[in-house]
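Protein sequence lines, in the order shown, are assigned to chains L and S. According to the working numbering, the first sequence is numbered sequentially starting from 46. According to the working numbering, the second sequence is numbered sequentially starting from 213.
Hints were generated in silico from the structure; no laboratory data involved. One should not assume that every hint holds.
[Claimed, not checked] Here are the computed lysine-lysine pairs in the DSSO-like style, where the Cα-Cα straight-line distance is at most 30 Å:
hint	chain 1	residue 1	chain 2	residue 2
1	S	K257	L	K195
2	S	K217	L	K145
3	L	K145	S	K214
4	S	K255	L	K164
5	S	K217	L	K88
6	S	K333	L	K163
7	S	K386	L	K145
8	L	K145	S	K344
9	L	K159	S	K217
10	S	K341	L	K86
11	S	K317	L	K145
12	L	K88	S	K344
13	S	K257	L	K164
14	L	K183	S	K214
15	L	K159	S	K333
16	S	K386	L	K88
17	L	K183	S	K217
18	S	K326	L	K159
19	S	K255	L	K86
20	L	K164	S	K317
21	L	K158	S	K326
22	L	K158	S	K344
23	S	K333	L	K158
24	L	K163	S	K344
25	L	K86	S	K333
26	L	K154	S	K217
27	L	K154	S	K405
28	S	K255	L	K223
29	L	K154	S	K317
30	S	K386	L	K158
[What the hints assert, rightly or not] Just so you have them, the derived chain S footprint on chain L, three or more residues with Cβ under 8 Å:
hint	segment
31	94-108
32	117-130
33	133-146
[As the list claims (entries may be wrong)] Ranges between beta-carbon positions, derived for each pair:
hint	chain 1	residue 1	chain 2	residue 2	range
34	S	D323	L	R104	42 to 50 Å
35	S	E329	L	A242	44 to 52 Å
36	S	I246	L	R78	32 to 40 Å
37	S	D380	L	S235	48 to 56 Å
38	L	R230	S	N215	33 to 41 Å
39	S	T258	L	N127	20 to 28 Å
40	L	A90	S	F288	49 to 57 Å
Keep in mind that this is a model prediction, so the values were computed, not measured. Even glycine gets a Cβ: it sits at the ideal position worked out from N, Cα and C.
Each chain, written out:
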Amino acid sequence: MPAYKLMYFEAKGRAEVIRLSFAVAGQSFEDKRYSIEEWYKVKQAIPQHQLPCLQVDGRFIPQSGAIMRYIAREFGFYGDNNNENTRVDVILGASDDFLKNVMSWYYEKDETKKEEIKKDLEETKLPQFFSLLESILKENDGGDGYFVGKKISLADIMIYDITDQTSSIAKLPAFPPKLAGLIDRVKNNSKIKEYLAKREKLSQ
Amino acid sequence: MKNYKLTYFDIRGRAEISRLLFAAAGVQYADDRIKREDWPALKPKTPQGQLPILTIDDAATLPQSLAIARFLAREFGLSGKTNLEQAQCDVIVQTTEDLRAEWVKVFREADETKKAELQKKLVEEIVPKLWKIFQDTLSSNSSGYMVGDGLTLGDLAVYDVMEIHTRDYPDLIKNFPQLQTHRQKVASIPNVKRYLENRPVTLF
């Protein structure tokens, strides 16, 4: 059994979807969270000098997109065939596109422009994203199950995480009905529920 | 035998990686290059209002350039042989996306002064930093390919993302001799060579 060490900052950011993935996998891992000072000391030793980075079996895997897929494949929630793998990738791609808008807000220093980006997120980008997710969801089991196949996958975890994190910087519109059901389904997945309860406790 | 149609603009952009995959695998497809003025009519008919899209057997339509590339790589056995190799391909693909995103930032900058500043930073700092990552990846693998012992999506992704700066700044690659060798290796694969010699020449 390999030992997994996930390295990131003391934050959700680009690591949380990986932490959630380990929870779904039922796989323990070292959840290493660096302070900024600690990070500057180890930075040069980490490939690409960025976080998150996964260390497994003495190897480093940087890039959150690579790490999340590695874990999902290892533990069987990246879809069961190429068509399903691809459906996961389509949803991850749409999420990456949406995330660019959140990152614009995050990096904008001008307060007026920042407010405009937030308004655009709330009035346009979020509703469009939710509407897209609703139509993608409906393609599978009429939208009453998961995004891909018949069980929880990396796609469901990503959508839960991205809506959760975005809600802390912008007011989310109401979830369309099938998407609302999916978010509930993910939150109530026994392993995720357990992880979220622990996470809630740590933040108090 | 599946029937493939790849639809994009008449540029390399986000479709070229998939064109290279088809070429390397020796698989026929329709290279559907649309005119800018025809895009508004097509846009609402696409899954996410974006290109490229891959149409399979005139039935399924896939959006998201990286989902398409990963789908084709898996289909053609060019995605890596183990989970770790697939992760190594993913790391490379995600890194090429980081470089592409920086290029797009410069491309979209409307203010000419700011654009010149960003271009300078791109060519003097960002491109060399990311090319070094590609070269280090190559050097840490003994086969002369990026991942494992043969051609993968990783090799084609690096070849593709390096095109624009090797063309526009021909002195840059002199600092990366192993990448120079890698480029020649990829370009001399018979199927790829034939494709490169016959494809439309576009600015980007």
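Tested hints:
1. Restraint check for K257/S and K195/L: satisfied, since their Cα atoms lie roughly 28 Å apart, inside the 30 Å limit.
2. Distance restraint check for K217/S and K145/L: the Cα-Cα separation of roughly 28 Å lies within the 30 Å cut-off, and the hinted pair is therefore satisfied.
3. Annotation: proposed proximity of K145/L to K214/S is violated, straight-line Cα distance about 34 Å (limit 30 Å).
4. Distance hint between K255/S and K164/L is fulfilled; the C-alpha atoms sit about 25 Å from each other, no more than 30 Å.
5. A threshold of 30 Å between alpha carbons decides the hint, and for K217/S with K88/L the separation of about 44 Å lies outside it, so the pair is violated.
6. Under the criterion of a C-alpha separation no larger than 30 Å, the hint pairing K333/S with K163/L is consistent with the structure, at around 28 Å.
7. Taken as a hint, the K386/S and K145/L pair is broken in the structure, with Cα atoms around 34 Å apart against an allowance of 30 Å.
8. Among the hinted pairs, K145/L with K344/S is consistent with the structure: their alpha-carbon atoms are about 25 Å apart, no more than 30 Å.
9. This hinted pair does not check out: K159/L and K217/S have alpha carbons roughly 41 Å apart, beyond 30 Å.
10. Taking the CA atoms of K341/S and K86/L, the gap is about 20 Å. The hint holds against a cut of 30 Å.
11. Our distance criterion of 30 Å between C-alpha atoms is met by K317/S and K145/L, whose separation comes to about 12 Å.
12. With a CA separation close to 16 Å, the supplied pair K88/L and K344/S stays within the 30 Å bound.
13. Restraint check for K257/S and K164/L: the C-alpha separation of about 28 Å stays at or below 30 Å, so the hint holds.
14. Simply put, K183/L and K214/S have alpha-carbon atoms about 26 Å apart, close enough for the 30 Å limit, and the pair holds.
15. As the CA atoms of K159/L and K333/S are separated by approximately 24 Å, the hinted pair is consistent with the 30 Å bound.
16. Distance check on the hinted pair: K386/S and K88/L sit about 27 Å apart at the alpha-carbon level, within 30 Å; holds.
17. Of the pairs offered as hints, the one joining K183/L and K217/S holds, with about 25 Å between alpha carbons and a cut-off of 30 Å not exceeded.
18. Between K326/S and K159/L, the direct Cα distance comes to roughly 19 Å. Compliance with the 30 Å bound is thereby established for this hinted pair.
19. Among the hinted pairs, K255/S with K86/L is inconsistent with the structure: their alpha-carbon atoms are about 48 Å apart, more than 30 Å.
20. Between K164/L and K317/S, the direct Cα distance comes to roughly 22 Å. Compliance with the 30 Å bound is thereby established for this hinted pair.
21. For a cut-off of 30 Å, the pair hint linking K158/L to K326/S stands: about 17 Å separates their Cα positions.
22. Straight-line distance between C-alpha atoms of K158/L and K344/S comes to about 35 Å, which puts the hinted pair past the 30 Å bound.
23. In summary, the hint linking K333/S to K158/L is supported, as the alpha carbons are separated by about 24 Å, within the 30 Å threshold.
24. Of the pairs offered as hints, the one joining K163/L and K344/S is violated, with about 36 Å between alpha carbons and a cut-off of 30 Å exceeded.
25. Restraint check for K86/L and K333/S: the C-alpha separation of about 25 Å stays at or below 30 Å, so the hint holds.
26. The hinted pair formed by K154/L and K217/S fails the criterion: a straight-line CA distance of about 43 Å is larger than 30 Å.
27. Restraint check for K154/L and K405/S: not satisfied, since their Cα atoms lie roughly 47 Å apart, outside the 30 Å limit.
28. Between the alpha carbons of K255/S and K223/L the distance comes to roughly 25 Å, so the proposed pair stays at or under 30 Å and holds.
29. Distance restraint check for K154/L and K317/S: the Cα-Cα separation of roughly 17 Å lies within the 30 Å cut-off, and the hinted pair is therefore satisfied.
30. A threshold of 30 Å between alpha carbons decides the hint, and for K386/S with K158/L the separation of about 42 Å lies outside it, so the pair is violated.
31. Chain S is given as covering the segment 94-108 of chain L, and this holds because 4 residues of the stretch bring a CB closer than 8 Å to a CB of that chain, at least three being needed.
32. Under the rule that three or more residues need a Cβ within less than 8 Å of chain S, the assignment of the segment 117-130 of chain L holds, with 4 such residues.
33. Restraint check on the segment 133-146 of chain L versus chain S: 6 residues with Cβ-Cβ distances below 8 Å, three needed, restraint holds.
34. Between D323/S and R104/L the CB atoms are about 43 Å apart, so this pair conforms to the stated range of 42 to 50 Å.
35. Hint check: E329/S to A242/L, Cβ distance near 48 Å, so the stated range 44 to 52 Å holds.
36. Between I246/S and R78/L the beta carbons are some 47 Å apart, a value that contradicts the proposed interval 32 to 40 Å.
37. For the pair D380/S and S235/L, the beta carbons lie near 54 Å from each other, so the given range of 48 to 56 Å is met.
38. Taking 33 to 41 Å as the suggested C-beta distance range, the pair R230/L and N215/S conforms, at roughly 36 Å.
39. Take T258/S and N127/L: their Cβ atoms lie about 21 Å apart, and the range 20 to 28 Å holds.
40. Our hint of 49 to 57 Å for A90/L and F288/S is violated, since their Cβ atoms are close to 36 Å apart.
Comparing the model with each earlier hint shows violations of hints 3, 5, 7, 9, 19, 22, 24, 26, 27, 30, 36, 40; every other hint is respected.
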